[in-house]
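Protein chains in written order, with our numbering: chain A, 1 to 685; chain B, 1001 to 1105.
No incorrect hints appear here.
Coverage of chain B stretches by chain A, computed from C-beta distances (three or more under 8 Å per stretch; other residues unrestricted): (1) 1018 to 1028; (2) 1093 to 1100.
What follows is a set of in silico ranges between Cβ atoms, one per label pair, in the way DEER data are often shown: (3) L1071(B) - G667(A): 22 to 32 Å; (4) T1102(B) - R644(A): 22 to 32 Å; (5) R1093(B) - I635(A): 54 to 64 Å; (6) G667(A) - V1080(B): 18 to 28 Å; (7) R1093(B) - A681(A): 44 to 54 Å.
Rather than coming from a laboratory, the hints here were simulated on the basis of the structure. Quick reminder that beta carbons are idealized off the backbone N, C-alpha and C, glycines included.
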Amino acid sequence: MNARDLLSYAGIVPLLPLIGAAVLMLCGKRLGDPRAGWLATGLMFLAFAWSLVQFFALLALAPAGRSQVSIVFTWLPADQLRVHIGFLADPLSITWCLLVTGVGALIHLYAIGYMRGDPNFGRFFAYFNLFAASMLLLVLANNYLLTFLGWEGVGLCSYLLISYWFERSTAALGGKKAFIYNRVGDFGFLLAMFLIVAKFGTLDYVATGHAASHTSNGIATAVALLLFLACVGKSAQIPLFPWLPDAMEGPTPVSALIHAATMVTAGVFLICRAHPFFATSGSAMIVVAWVGAATALIAGTVAVLQPDIKRVLAYSTISQLGFMFLALGSGAYTAAIFLVLAHAFYKGCLFLGAGSVIHGNAENQDMRTMGRLRRYLPITAIGMVLASVAIVGIPPFSGFWAKDADLSDAYLHHSYGIWVIGLLAALMTGIYMTRLVLLTFYGNERFRADPARAAVRGGADDDDGEEPDVEALLGYDPDFLPTVVYGEPPRPPRLHGHDPHESPWQMVVPISVLAVLAVFGGLLDLPLRGVSFLETWLAPVFRDVHQPAPHTFAGAGELTAVAFVFAAAGILIAVVLYRRGLPSPDADPLRDRLGAVADPVGHGYHYDEAISAAVDGPVRGGADFLDRDVDQGVIDGSVNGTARLVREAAQGLRHVQDGYVRRYAIGIALGAAALLLFLLAYAGR
Amino acid sequence: MIAAFTITPSFYLILAAILFSIGAVGLLVRRNVIVMFMCVELMLNAVNLTFVSFAKALNDVGGQVLVFFTLVVAAAEVAVGLGIIVAIFRRRRDATADDLRTLEG
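One chain only, chain A, in its complex shape (with noise of 0.2 Å):
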């Protein structure tokens, strides 16, 4: 069997898990708890393992040759248009591939921990085996059509597994969220579908490929830009991007896995993808930049003021995605996937030690009354701290070489004003990232129960031997709300008497391997000729277009300089607020020196509200004007006008039909007549 006979099977990758969700969902339920959890993380380990070869066979391919389609059948034959399903092997999908599967395994093995005890154990699997089936369907499509069947599958699975704990009001709430918002991205997704295939009459990614070179600039830039809507919305830039936050109301895992280290780095991958129409059109590519840039800014400052672990993870993510498209706008693909790897190793890592602090601290999700928690959960507190190094891009771990390949690139792209902002949104990671680690595992123990405050809101317990049979039912209490937003008071200490503790070994184990891939990770892309690997690795996919080259980066020493600077100033700044952790759980050391600006910044610049206050005003007004004024009165009108036309006429005229046969006849005989006049006056000449 040769190389190319292996790369036709591409289409097992996402085969695997998709029989995985098949069983669970059928009878998930019978498998029962630790049962239905280790068939979902076995198919993760068959699909990586699927990939590795598929990995391998392209390798052993000549590198302008790394590229096959296999058609498995056609989808929709549509008079000219031809869509197949059909797999995409090269360099770029077979990236994803190795990405969701390597660490979807892993995190579908700390899901069997986390989840344990839940009583709709089958179902999780069954959606995160589903998600995983999704993604590698989208990464390994050959045509925009299948990509977009599994970007939908993606979004569905986020809205399922967000809303997991639907009895929450805020769970559920927060999958509707995720779902609205990416449903505005989607409309670009098909929007620019439609001009492609008006304009190419394809959806093949190989054939537009060619096309789109060879297009007018209006066309590719139209194309580029509903395309980026859709990143816009599935990896979660401004303006589409209060979703994110919210979806961390799903179980960490989810968060782990969708929201940080896959599902949205798909944008990502559809600029990649796409990137034909990317590259004709210059201005798409500033637009990409600018979003991605101020994206970047935006998050991390308000990251660095939220007092819930996950939250400040959540922006972070939504902070480094700004990142992946600051170096799409600059053309670095390769220094934006880059990112994307190191970002879910070091990502996924610290979901991952987030839940599992969150799993040791009886569902507490506020930093401000955990701290030194490094000596209760040794090995997430190492994993977690080597992970936020990683990612605030000190040398040499993986975040340093990858956001600096970002951010070098950018300035090497002549985009000084990008790289400002850069600098400023790596110093903001430094900030919230050093924060989060020092108020959660260092400084002073703050999640002991306060008898004096606990007798003032009178305990936390108080309804617990009230209504057991409804958690017991869902596994979890539908009152309890975990998340914590800016501006709440801290929430009483919810362990009773005993210590926080570390998770099972099928939780360590993931945070372990992601923590040394966030270390190691850097040696992917080394940016010294000979061993830029993903860059060679990589370069048949992206030969098209021009890349600022590894070695000048390499030359360019003072950037990566300031950019560690930067870096540092940022841990500087919170390890002088935050050394000693909180003298209370109310007194935030960063608010307080903010003044006047904390409040904004912490509430996300209140743009949510702004949002709700558009939709609700302006927005409702005009759909009930369309509504009432338009819908009812204008198209049902007229509709109704017509049946009330056609009725009042009828009312006169059945008059004429009285019955009587010789009024007939009557009428017979003078319309003859007149019909014989007419002849003889006109038709006879």
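With chain A held as given, fit chain B onto it using these hints.
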């Protein structure tokens, strides 16, 4: 005198017109359904007469052929029409056209 009096096709046509008019007026003024029916027959046959006279005058057999069709249709119509009248008469003991106006609009 007699020799000068030749029967031209217009005689037949005038006769047909008179017959047709009698039929039409009868249809309009009489109320008995059977009489109205007879008037319809009269009108049909007036038209038949016209066809035949034109066929003779123009030396075209098509007019005569059409008459046969008319006769066949008229026979069928009589069968159906009389059947309906009999059915009405059995039900109502009366066959006055103006009383049969159940189908008014």
